[in-house]
Amino acid sequence: MEASSSNNKQPNTTDKITRDPRNGAFTFQVHAEYDLLLQIQKDLDAKRPSKSSRSSLNSLALSDIDSTKIILKSVDDYCYGKQWMYHIGSEKGKAISRFLRSGVERWLRRDDRKNKVCIYISCVLFMMMLLAMMYANTAHCISFT
Amino acid sequence: MIQKFICLDCGTYCGYSSLVLASTLREIANELQNSIMEDQTEETFEFHVYTTEVSSKLINVAQSVFRMAKMEQYITPILMKSDGKESLSATMKQNGVMGIDFLLFDHAKNLYLSDLNDLEAGGLLKAGSYVSADNVVFNKLDAYRYHMEQLQAKGVVETRLDEMNLEYSKNLKDGIEQTIYLKDP
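Taken in order, these protein sequences are the chains called A and B.
Just so it is clear: in the first sequence, position 124 is 124 by this note's numbering, and no numbers are missing.
Position in the second sequence (first residue = 1) + 145 = this note's numbering.
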């Protein structure tokens with residue numbers, strides 16, 4: 001499918017659908033992915049601190065988390081305002097993120113993980129006791145010679 | 146040795162879902178790091194996201210997106226063969242993955258159940274694994290949902306459907322099947 005004239009339209013900045021109905025669900029545009037990349041780059045550039053305000057230590061550079069938030073918003077705006085695409089989108093993204101978070105919390109509490117930590121600590125303590133005993137034996141031998 | 150939390154995102158497309166996973170995990174890592182600094186916990190948290198895709202063009206697009214997001218060190222894209230005959234579990238093992246803690250299905254809809262069975266048989270899904278499967282309502286993936294319901298009846302998993310709209314639409318119903326493995330399958 002050829003890119004329609006509505007592809008010149010700017011993406012919106014809300015979650016309202018403002019795209020041309022011809023670019024709705026399950027329509028696909030040739031090279032839409034590359035058009036999206038350009039839009040992402042434009043949105044990232046707009047959010048980066050200007051050269052005049054940037055410190056020499058680059059401390060004002062965007063973090064990975066900040067960059068990612070800008071990119072996800074940019075993709076959402078593109079898909080609501082310009083061309084439907086099948087990314088999971090913000091609503092499902094939030095649901096998956098919440099589910100992942102609960103998975104990590106459970107993973108951090110896992111018994112086998114805690115057991116592995118206990119085994120590791122036990123091994124370290126055992127090695128320390130062994131070294132202490134060897135040192136005591138050496139000291140004992142030295143005291144007799 | 147520090148254990149890593151491993152995610153597998155099936156269906157890279159432009160990398161959106163991998164970024165959702167990686168940014169959530171980065172936020173958790175930051176929160177834990179701050180807790181360590183306040184002496185509240187001794188936890189450290191490391192993770193990695195693997196993502197599979199059959200289109201080399203889309204892998205290139207996604208890699209550009211990961212670079213722009215500064216997340217490329219946390220995400221490894223894997224190019225799969227498009228015939229669907231390649232074993233997902235074998236591919237993951239070739240990439241050094243021996244267990245999956247979080248799995249997201251958003252690839253070819255006819256592969257959800259067969260890939261799940263393959264990952265189960267390969268020992269990559271185990272007690273504690275979380276699985277999200279997108280588009281189960283819109284694409285009517287009843288066989289996948291039935292399989293999860295059967296596992297739930299046997300006490301192997303807990304599963305639920307999160308209903309919401311299809312992405313970037315207002316009137317098209319869709320849902321994500323959210324499943325937790327309580328036992329090794």
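A hint or two may mislead.
Simulated crosslink set (DSSO-like; lysine-lysine; CA at most 27 Å straight-line) [to be verified]:
no., chain 1, residue 1, chain 2, residue 2
1, B, Lys238, A, Lys16
2, B, Lys254, B, Lys238
3, B, Lys202, B, Lys238
4, A, Lys73, B, Lys215
5, A, Lys69, B, Lys238
The following residues of chain B were derived to be distant from chain A, with all beta-carbon distances above 10 Å [as the list claims (entries may be wrong)]:
no., residue
6, Leu170
7, Asp228
8, Asp246
9, Asn310
No wet-lab data here; the hints were simulated from the structure.
Idealized CB from N, CA, C, for every residue including glycine.
Here's how the hints hold up against the structure:
no.	hint	in the structure
1	Lys238/B <-> Lys16/A	violated, 43 Å
2	Lys254/B <-> Lys238/B	holds, 23 Å
3	Lys202/B <-> Lys238/B	holds, 24 Å
4	Lys73/A <-> Lys215/B	holds, 16 Å
5	Lys69/A <-> Lys238/B	violated, 31 Å
6	Leu170	violated, 7 Å
7	Asp228	holds, 21 Å
8	Asp246	violated, 6 Å
9	Asn310	violated, 7 Å
Violated hints, listed in ascending order, are 1, 5, 6, 8, 9; each of the other numbered hints is respected by the structure.
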